[in-house]
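K.L.:
Chains as they are written, first to last, in full-length UniProt numbering: chain A, 1 to 253; chain B, 1 to 253; chain C, 1 to 253; chain D, 1 to 253; chain E, 1 to 253; chain F, 1 to 253; chain G, 1 to 253.
Just so you know, these hints were derived from the structure itself, not from any lab.
In this text the structure is predicted, and so the values were computed from the model without any measurement.
Treat the hints with care, as some may be off.
Claimed, not checked - In the DSSO-like style, the derived pairs of lysine-lysine whose C-alpha atoms are separated by at most 27 angstroms in a straight line are:
1) 116/E - 71/D
2) 34/D - 116/E
3) 71/F - 34/E
4) 116/G - 34/F
5) 116/A - 71/G
6) 116/A - 34/A
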Amino acid sequence: MQGQAQQQAYDRGITIFSPDGRLYQVEYAREAVKRGTASIGIRTEGGVVLAVDKRIRSELMERTSVEKIHKADDHIGIASAGHVADARQLIDFARQQTQVNRLRYGEPIGVETLTKEVTDHIQQYTQVGGARPFGVALIIGGIEDGEPRLYETDPSGTPYEWKALAVGADRGEIQEYLEDNYSEAMDLDGGIELALRALGSVNDDELSPEGVGIATVDAETEQFLELSNDETEEYLSELGLLGGGDESEPEEE
Amino acid sequence: MQGQAQQQAYDRGITIFSPDGRLYQVEYAREAVKRGTASIGIRTEGGVVLAVDKRIRSELMERTSVEKIHKADDHIGIASAGHVADARQLIDFARQQTQVNRLRYGEPIGVETLTKEVTDHIQQYTQVGGARPFGVALIIGGIEDGEPRLYETDPSGTPYEWKALAVGADRGEIQEYLEDNYSEAMDLDGGIELALRALGSVNDDELSPEGVGIATVDAETEQFLELSNDETEEYLSELGLLGGGDESEPEEE
Amino acid sequence: MQGQAQQQAYDRGITIFSPDGRLYQVEYAREAVKRGTASIGIRTEGGVVLAVDKRIRSELMERTSVEKIHKADDHIGIASAGHVADARQLIDFARQQTQVNRLRYGEPIGVETLTKEVTDHIQQYTQVGGARPFGVALIIGGIEDGEPRLYETDPSGTPYEWKALAVGADRGEIQEYLEDNYSEAMDLDGGIELALRALGSVNDDELSPEGVGIATVDAETEQFLELSNDETEEYLSELGLLGGGDESEPEEE
Amino acid sequence: MQGQAQQQAYDRGITIFSPDGRLYQVEYAREAVKRGTASIGIRTEGGVVLAVDKRIRSELMERTSVEKIHKADDHIGIASAGHVADARQLIDFARQQTQVNRLRYGEPIGVETLTKEVTDHIQQYTQVGGARPFGVALIIGGIEDGEPRLYETDPSGTPYEWKALAVGADRGEIQEYLEDNYSEAMDLDGGIELALRALGSVNDDELSPEGVGIATVDAETEQFLELSNDETEEYLSELGLLGGGDESEPEEE
Amino acid sequence: MQGQAQQQAYDRGITIFSPDGRLYQVEYAREAVKRGTASIGIRTEGGVVLAVDKRIRSELMERTSVEKIHKADDHIGIASAGHVADARQLIDFARQQTQVNRLRYGEPIGVETLTKEVTDHIQQYTQVGGARPFGVALIIGGIEDGEPRLYETDPSGTPYEWKALAVGADRGEIQEYLEDNYSEAMDLDGGIELALRALGSVNDDELSPEGVGIATVDAETEQFLELSNDETEEYLSELGLLGGGDESEPEEE
Amino acid sequence: MQGQAQQQAYDRGITIFSPDGRLYQVEYAREAVKRGTASIGIRTEGGVVLAVDKRIRSELMERTSVEKIHKADDHIGIASAGHVADARQLIDFARQQTQVNRLRYGEPIGVETLTKEVTDHIQQYTQVGGARPFGVALIIGGIEDGEPRLYETDPSGTPYEWKALAVGADRGEIQEYLEDNYSEAMDLDGGIELALRALGSVNDDELSPEGVGIATVDAETEQFLELSNDETEEYLSELGLLGGGDESEPEEE
Amino acid sequence: MQGQAQQQAYDRGITIFSPDGRLYQVEYAREAVKRGTASIGIRTEGGVVLAVDKRIRSELMERTSVEKIHKADDHIGIASAGHVADARQLIDFARQQTQVNRLRYGEPIGVETLTKEVTDHIQQYTQVGGARPFGVALIIGGIEDGEPRLYETDPSGTPYEWKALAVGADRGEIQEYLEDNYSEAMDLDGGIELALRALGSVNDDELSPEGVGIATVDAETEQFLELSNDETEEYLSELGLLGGGDESEPEEE
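Chain A on its own, in the form it takes in the complex:
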């Protein structure tokens, strides 16, 4: 009965302040992010790297349908973690912004500009009644004026710029790994390797090529590019991380 009483509390209401100045709905939405598998972003001198955990529930599910890496524009990629259906809404919103920018100004949107359009959109869902916050965090990476840039959007609608970050499950451990091993002087290859090692660090150092998604935006070509399974396998094998399938079942989102 106690469980019922608890649950029933969350079937109503809008997002307002608690006595200690917290927005509970936003904090619960952060929990929804942690329920999603991990996503990683790394900024290197040669461009940005996005890496995601693509574990699936059943061997019969197509891994391509685990959409955690998204191309927002030629020069910008987005990795997401959390409530999948919410992520799709934000990705759609982001893509519209990139198109509007090209139409209106005749040039690609800046990474920071895009991030802030998205976070302003997210903030509205935390202040105005009649809807819940988005249960998703995004890592937005791309090239702006020749420079690699890497941003995070969280459920409160705050934009953060990072050198390297993790969102989703095991965020704490992976972030620690990144802090211990990140170096600004890395090239793209180094970034990919760091991302895979970080993912491996919370997976007993065993990853399957299908269970991992990798994308880069090269600082020179300014093009978003997803690695093939073969390319990923090569990296994993080189790093001694190549493991079997991914038996461990992720929590359903």
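Got chain A sorted already, so can you dock chains B, C, D, E, F and G onto it with the hints?
P.N.:
Positioned in the frame of chain A, the structure of chains B, C, D, E, F and G alone reads:
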């Protein structure tokens, strides 16, 4: 009195996050899906197969009125499980999308595109207040660029692509049967047989032709086709699954 | 006080899912249907039969004002059970659909099409906030392409096609009687007799001509027709069911 | 404190179903009707009779301001019982309908048509949120195609046709009196006498001319007509019902 | 804590029926009327008299700002009791109605017509959600077709016609006094004297000219007229009611 | 926990009546007025005086930002007490009214007219849902037709006219002081002195020139004028009220 | 369970008054401000100084993304503290106001005018339902008519003018430090030094150049200017405040 208190909790509110990041209304909608009889989708090299349990409450009910297989367009079929009236709304929405696509672009809609239009529609009912989520899961199967494709939409509004899947009652058992017996090299005939065997596995290996619905979308003809009772009977008899009527009464939805 | 607490729970809210995937407001609306006196529909080779229990509260009430059989169009009749004022709304809605169809397409509406227009309308009241579901079930019978068709709409907005069915009070017992005695080969006369016997089976085999309403849609003439009291009396007398007045007082709806 | 808790339950919410299929707000509105003094309608061969209890709170109140009999059109009168301010809204609505009918079709509105316009209006207030039901019952009497017709509208929005009926306080006792004494062969005079005797039956057989309101719609003239105090006194004296003032204080509505 | 719980119940909700058919919000609004000082209306052959208790909280408050008598049109005056700010809204509404009538029909509005426009407006606030009822009662007095007319509007939106009435504090006692002493044959002077005596009866027979407001609408001139303090003093002195200041502090509204 | 329960009651709802006819939200808004520092208005033969307590929280705060005296038009000033942000809204509203009046009628607005425009605006926030009342009281003083006029608006939306009044903290004590010492024959100078003495009476007879704000509207010039610190100091010194700084910290509003 | 009950109270409702005249939602929003790191504003004869604590959660986060100092126009800067996403909304709003002013009047907006536009906007979110207050405080500093001006906006929507102030974490201690050490005769350099010493006083007198943000608006040039890390380091070293990194982790907002 306890039962009353429990019930009264669910007569109000909108969909918001619980402290552990869950959306209870979405999870309860998933329970509504499980209350419906099973539906199966299988992707083979020769096309996709949709198979549904059509048990009825009374011999006087017309089986044709148990609408669990729907033609969305010439090249796309949809099987549903869960709250029947909600399914009808989503099917209507899907059909509108296929027509709009033909009008606007002069060509049939892609299976993935259709799925995502539907899931985006579903997601709105989980975030914006004033309505409840849809208590239904859809299996959307069809041919896109000559390739068979098979998708699931769930009450959260997440799209998944599958090789083979089950939704509704006994989802767990049937999905396990599919995982043990699925082979990518099957042709349409093989897909129909696997679907019937899977349905039989949770029905004491006895099925009546009227109690089962089968439809296919052939990869070559790209045409949606429903099997007649005679054709279904032939398959069942061949597979040794041909049983009497379906005395077991399904739960009312 | 307990009764108060119980009642107070149902003075608020909108229709949402319970943890086990049920829509309580829809289930309570089904209870409202059971509070209405019984209505029966029977499909025969010669057309459809609608029969209703027209018991009244007081001898001074005009039986004609107990509107449980409604003409929707020349070729379609509707019998209702449940909350009378709600039934009137749905009947009005159905009549508008038949007129719109004639205006727009120059031809009478199909029975199935009409049913689904009505159930889609009903479903909206179970998903979108700000209103309660309809507390009424309809039996829609008519001729479509020369064929007799018989449908049910329930408070969830699900359409069912039937050979013969009962809704309202004593649904279980009457449905059982119909299952035991229905034969597809009946003509209209046989249908009327079955309907009256079924009604009699839950009324100690005594019915008064005024306490019963009968209508048919003949498959050949495709015309909706209500029986006069004299015609009904003849049937009752022939079947040995002719009883006195209806002293038993129906529950007020 | 218990009383407070009870009351507080009824200061919120909208009209929805209880688990046994009842609409409590509608049932409470029926209680509001019972709180009003009685109104009676009687249909005779010569026309319809409306009679109302016009007791007042204070000798200084003008009896003409106790508006319980209303002229809706030349050929239709309405008697009301229950929440007075609500009655005024429905009477206004009814009068608009009669005017619209004359404008649109160039002829007086039918009694049944008018009744159903009113009940459809009432029903909306029991299904759509944001308002409460009407706490009033109407007796609508008039001549349609030369025939006297007598209808009731109740708070659920259900229309009933009657030979004779009572609404408001003491409905049960007066209705019983009517059932025991009503005869279809009465003329208008007989109807007036029955109405007064019925009213007297719950007032110790003593009525004052001012404490009673009587109106008729003659089947031949098709004209609504209110009796003067003198005419009423004559009837009362003839019937031996002529009593003093009305000391008994009615409950305030 | 109990007090808190009680109060908290009345900070939400809309006006709906209680199980015994009462509208609590309307009844509480009637309590708000009783919290205001008394107002009296008297109809005589020579015209109508309005008299109000104008006690003030502090000697520094201007008595003219205690607006309890209002001129609605040349021939109609209004006295109010209850929540002052609400009264102002209704008076504004009433004045608009009188102006609209002059513009539209080129003639002064009838007293009854005006009263019913006001009560219809009040009723809306008791049935439709999103607002509370008006916590005020009005006495509307004037001349219509040469005849003095006197009406009351109460928070339920019911119009009553009176020969003489009191609203606000001590309504019961003053009304009793009026019933004992009212005579239809009074002229305006007699009406003023009765009103002052009635007010005195609940004030130890001591009234100050400033603490009382008197207005009349003469049946011949058909003009609204407020008495000066000197004129009032003359009446009080003549009646032996002339007292000191009004030390007794009225409850704040 | 008790405190929590209490607080939680006031985080919802709209303004409705309590069983004893009170509007709690309006009464709580009056408490918000008392939380503000005192403001005083005095009407003299020579014009009106407004005086306010301008204590500040920190020596580093600019006293000019404690806006408690506002110029509404050349001939009208307003002093406020209570929730500062709410006061700003009402002052803006008042200024718009003065401008609209000049534009529409080509002449300055009357003091009474302005007051009633403001109180009507305030009343709306106490009756219609979706907003809370204004937590502020205004003293509106000015010259109308050559005569000084002084009004109060309270959170219920009631306008009062005064000879002299205080609102905000210590209202009771200051009002008593005014009642004991007010004389209608004062000139402006006398009014200023009375206001300062009244303020001093609740501040140990010590005031600093910066801690007090004084403004006048002269009956002859009809001009709003604020006193400089030097002018105020002169008055204080003359009255023997000149004290040090204002160490006592006002409650934060 | 108690924690649950507490939390659940703040997931609903709108901003209304408590019995003691407080607006809890506004007070809780003030708590949200305290959860943010400190921001300081100082007005000197030479211009205004804004200084903020820019501590970050992880060494991998880009300090530039901790946006606490914002340029609103050439001559106006804004420092914020509290809920970051809310601050962004207000900064966007402020920037629109500065642009609108330039477009409409062809000149830069005044600092006071801008502040009041912002506070009026904030106030709306505390009175009208359907949204929560802003959980942020702003320090708005700039040059108006050659004079430095410094304002604060708080969550209630009240504007305050200051000589020097702190908002956010440790407001109390820093404000005390400022009161003890502020002198009106300072030049910009003196203002920067005071700001850094004040920040140091709550950080063990150790600050890193990266952990601190400094901006000025010079009274002569009227230009907003942010200090580089090198410039900040010079000041810190000069003041003996130069410390290591900022290990202390700020609370997440």
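K.L.:
Look at each hint and say if it fits the structure.
P.N.:
We went through each hint and held it up to the structure:
1. A threshold of 27 angstroms between alpha carbons decides the hint, and for residue 116/E with residue 71/D the separation of about 16 angstroms falls inside it, so the pair holds.
2. Between residue 34/D and residue 116/E the CA atoms are separated by roughly 24 angstroms; this keeps the pair inside 27 angstroms, and the hint holds.
3. At roughly 39 angstroms between alpha-carbon atoms, residue 71/F and residue 34/E are farther apart than 27 angstroms, so this suggested pair is violated.
4. Distance hint between residue 116/G and residue 34/F is fulfilled; the C-alpha atoms sit about 24 angstroms from each other, no more than 27 angstroms.
5. Restraint check for residue 116/A and residue 71/G: the C-alpha separation of about 16 angstroms stays at or below 27 angstroms, so the hint holds.
6. Restraint check for residue 116/A and residue 34/A: satisfied, since their Cα atoms lie roughly 22 angstroms apart, inside the 27 angstroms limit.
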